[in-house]
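Enquirer: Our numbering puts the first residue of the sequence shown at 145, with every later residue one more than the last.
Warning: the hint list may mix true and false statements.
[Stated by the list, open to error] In silico SDA-like cross-links for lysine to any residue, where the CA-CA straight-line distance does not exceed 20 Å:
hint : residue 1 : residue 2
1    : K249      : V219
2    : K389      : E289
3    : K201      : Q173
4    : K177      : I197
5    : K371      : R398
6    : K309      : N230
7    : K295      : D226
8    : K374      : I291
9    : K364      : K314
10   : K295      : Y324
11   : K157      : A204
12   : K177      : V192
13   : K223      : A315
14   : K309      : I227
15   : K177      : L225
16   : K207      : R297
17   : K271      : P160
18   : K314      : E289
19   : K374      : M335
20   : K336      : R308
21   : K201      : L165
22   : K309      : K295
23   : K309      : E248
24   : K314      : K271
25   : K157      : G323
26   : K271      : K364
27   : K223      : G323
28   : K271      : I352
29   : K157      : V219
30   : K309      : K201
31   : K295      : E248
32   : K207      : S229
33   : K249      : R308
34   : K207      : E289
[Said to hold, decoys possible] Here are the in silico distance ranges between beta carbons for each label pair:
hint : residue 1 : residue 2 : range
35   : H257      : I367      : 33 to 41 Å
36   : V339      : E161      : 35 to 43 Å
37   : E289      : F393      : 44 to 52 Å
38   : N317      : K389      : 27 to 35 Å
These aren't lab readings, by the way, just hints derived from the structure by calculation.
Beta carbons are placed, not taken as given, at the ideal position from N, Cα and C, and that holds for glycine.
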Amino acid sequence: MPPFSVLISVYHKENPEYLRLALESIWFQQTLKPSEIVLVCDGPLTEVLYEVIRIFKVDAPLKVYNLEKHSGLGVALSKGLDICSNELIARMDGDDISIPERFEKQIGYLSEHPGIDILGAGIAEFKTSSEHICSFRRLPLEFEELIFFAKRRNPLNHVTVVFRKSAVMKAGNYQSFNGYEDYHLWVRMLMKGSVIANIPENLVLVRIGNKMYSRRHGLKLFIQELKLLKEFLDIKFFSYADYLKNLIFRAIPRLFPLWGIKLVYKILHR
145 MPPFSVLISV YHKENPEYLR LALESIWFQQ TLKPSEIVLV CDGPLTEVLY
195 EVIRIFKVDA PLKVYNLEKH SGLGVALSKG LDICSNELIA RMDGDDISIP
245 ERFEKQIGYL SEHPGIDILG AGIAEFKTSS EHICSFRRLP LEFEELIFFA
295 KRRNPLNHVT VVFRKSAVMK AGNYQSFNGY EDYHLWVRML MKGSVIANIP
345 ENLVLVRIGN KMYSRRHGLK LFIQELKLLK EFLDIKFFSY ADYLKNLIFR
395 AIPRLFPLWG IKLVYKILHR
């Protein structure tokens, strides 16, 4: 298997226990271990978080990059990608859990399919304990299906992806686009000719909280959604018809009350 990196960004509001579990899942519990773990501290952290990182660094090949101030996920991942040593890079969040076979399955798949630039997977969602799964988020598998799907929604679960660094850099690396850093990147990569795929397994356990729906609405998110749709129209990923459909079914519902957001979310995720 080729060497690969894991890229993580953390900031001061992370839960130290969740971070510990996340880091353990990508090192101690994996059947295939990364050659390096790049962790970007997005601004100063709490002392408890620093202690978790110090303890983990004793046993794992951890490279830590510190940003002077909190700059957002796009900037943090962009800086982290710059210092990743390997062509294959796996993403991970600081509060999720990768199952033990995750990297073995994904790195093996990409080794056998050199034409694929990004590989994602399904996720299993939980609230309090990873032993009690409450929902799943699966996406289309094949490239043609994913292109069609990407016209309506994000075609990849960000925390599950493994990608080729050269393809990401060709598309301009991660950029600041609050709330949509990954979707924005995938579309730019598609416009540069990248090929994406998903495998039909849930490889990451993802924490969801009671505020899941409240984070999906509001004026700020509506404005960001409009910017994203306009960007996709400008780069000709969207036709004008695609733009109007997304304006009606994605952007405007951001202004709905919570009960409306829940209804739209359930319909879209059937």
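Enquirer: All the hints need checking, so say for each whether the structure fits it.
Expert: Going through the hints against the structure:
1. About 29 Å separates the Cα atoms of K249 and V219, which puts this hinted pair outside 20 Å; it is violated.
2. Taken as a hint, the K389 and E289 pair is honoured in the structure, with Cα atoms around 18 Å apart against an allowance of 20 Å.
3. For the hint linking K201 to Q173, the alpha-carbon distance of about 16 Å falls within 20 Å, and the restraint holds.
4. The suggested pairing of K177 with I197 holds, with an alpha-carbon distance near 18 Å, which does not exceed 20 Å.
5. Distance check on the hinted pair: K371 and R398 sit about 13 Å apart at the alpha-carbon level, within 20 Å; holds.
6. Among the hinted pairs, K309 with N230 is consistent with the structure: their alpha-carbon atoms are about 8 Å apart, no more than 20 Å.
7. In summary, the hint linking K295 to D226 is not supported, as the alpha carbons are separated by about 29 Å, beyond the 20 Å threshold.
8. With a CA separation close to 18 Å, the supplied pair K374 and I291 stays within the 20 Å bound.
9. Between K364 and K314 the alpha-carbon distance is near 30 Å, which puts this suggested pair outside the 20 Å criterion.
10. Simply put, K295 and Y324 have alpha-carbon atoms about 14 Å apart, close enough for the 20 Å limit, and the pair holds.
11. Taking the CA atoms of K157 and A204, the gap is about 23 Å. The hint is violated against a cut of 20 Å.
12. Taking the CA atoms of K177 and V192, the gap is about 26 Å. The hint is violated against a cut of 20 Å.
13. This hinted pair checks out: K223 and A315 have alpha carbons roughly 15 Å apart, not beyond 20 Å.
14. About 11 Å separates the Cα atoms of K309 and I227, which keeps this hinted pair within 20 Å; it holds.
15. Restraint check for K177 and L225: satisfied, since their Cα atoms lie roughly 19 Å apart, inside the 20 Å limit.
16. Our distance criterion of 20 Å between C-alpha atoms is broken by K207 and R297, whose separation comes to about 33 Å.
17. The suggested pairing of K271 with P160 holds, with an alpha-carbon distance near 17 Å, which does not exceed 20 Å.
18. Distance restraint check for K314 and E289: the Cα-Cα separation of roughly 23 Å exceeds the 20 Å cut-off, and the hinted pair is therefore not satisfied.
19. For the proposed pair K374 and M335, the alpha carbon gap of about 15 Å is at most 20 Å, so the pair holds.
20. For the hint pairing K336 with R308, the CA-to-CA distance comes to about 13 Å; that is within 20 Å, so the pair holds.
21. Pair hint K201 plus L165 holds up; C-alpha atoms about 14 Å apart against a cutoff of 20 Å.
22. Of the pairs offered as hints, the one joining K309 and K295 is violated, with about 24 Å between alpha carbons and a cut-off of 20 Å exceeded.
23. Taking the CA atoms of K309 and E248, the gap is near 18 Å; set against the 20 Å cutoff, the hint holds.
24. For the hint pairing K314 with K271, the CA-to-CA distance comes to about 37 Å; that exceeds 20 Å, so the pair is violated.
25. A distance of roughly 17 Å separates the Cα atoms of K157 and G323; the hinted pair therefore holds under the 20 Å criterion.
26. For the hint linking K271 to K364, the alpha-carbon distance of about 26 Å lies beyond 20 Å, and the restraint is violated.
27. About 18 Å separates the Cα atoms of K223 and G323, which keeps this hinted pair within 20 Å; it holds.
28. Pair hint K271 plus I352 holds up; C-alpha atoms about 5 Å apart against a cutoff of 20 Å.
29. As the CA atoms of K157 and V219 are separated by approximately 17 Å, the hinted pair is consistent with the 20 Å bound.
30. For the hint pairing K309 with K201, the CA-to-CA distance comes to about 24 Å; that exceeds 20 Å, so the pair is violated.
31. With a CA separation close to 31 Å, the supplied pair K295 and E248 exceeds the 20 Å bound.
32. Taken as a hint, the K207 and S229 pair is honoured in the structure, with Cα atoms around 10 Å apart against an allowance of 20 Å.
33. Restraint check for K249 and R308: satisfied, since their Cα atoms lie roughly 16 Å apart, inside the 20 Å limit.
34. Under the criterion of a C-alpha separation no larger than 20 Å, the hint pairing K207 with E289 is inconsistent with the structure, at around 37 Å.
35. Take H257 and I367: their Cβ atoms lie about 38 Å apart, and the range 33 to 41 Å holds.
36. Take V339 and E161: their Cβ atoms lie about 38 Å apart, and the range 35 to 43 Å holds.
37. Checked against the hint of 44 to 52 Å, the pair E289 and F393 fails, with Cβ atoms roughly 19 Å apart.
38. Taking 27 to 35 Å as the suggested C-beta distance range, the pair N317 and K389 conforms, at roughly 29 Å.
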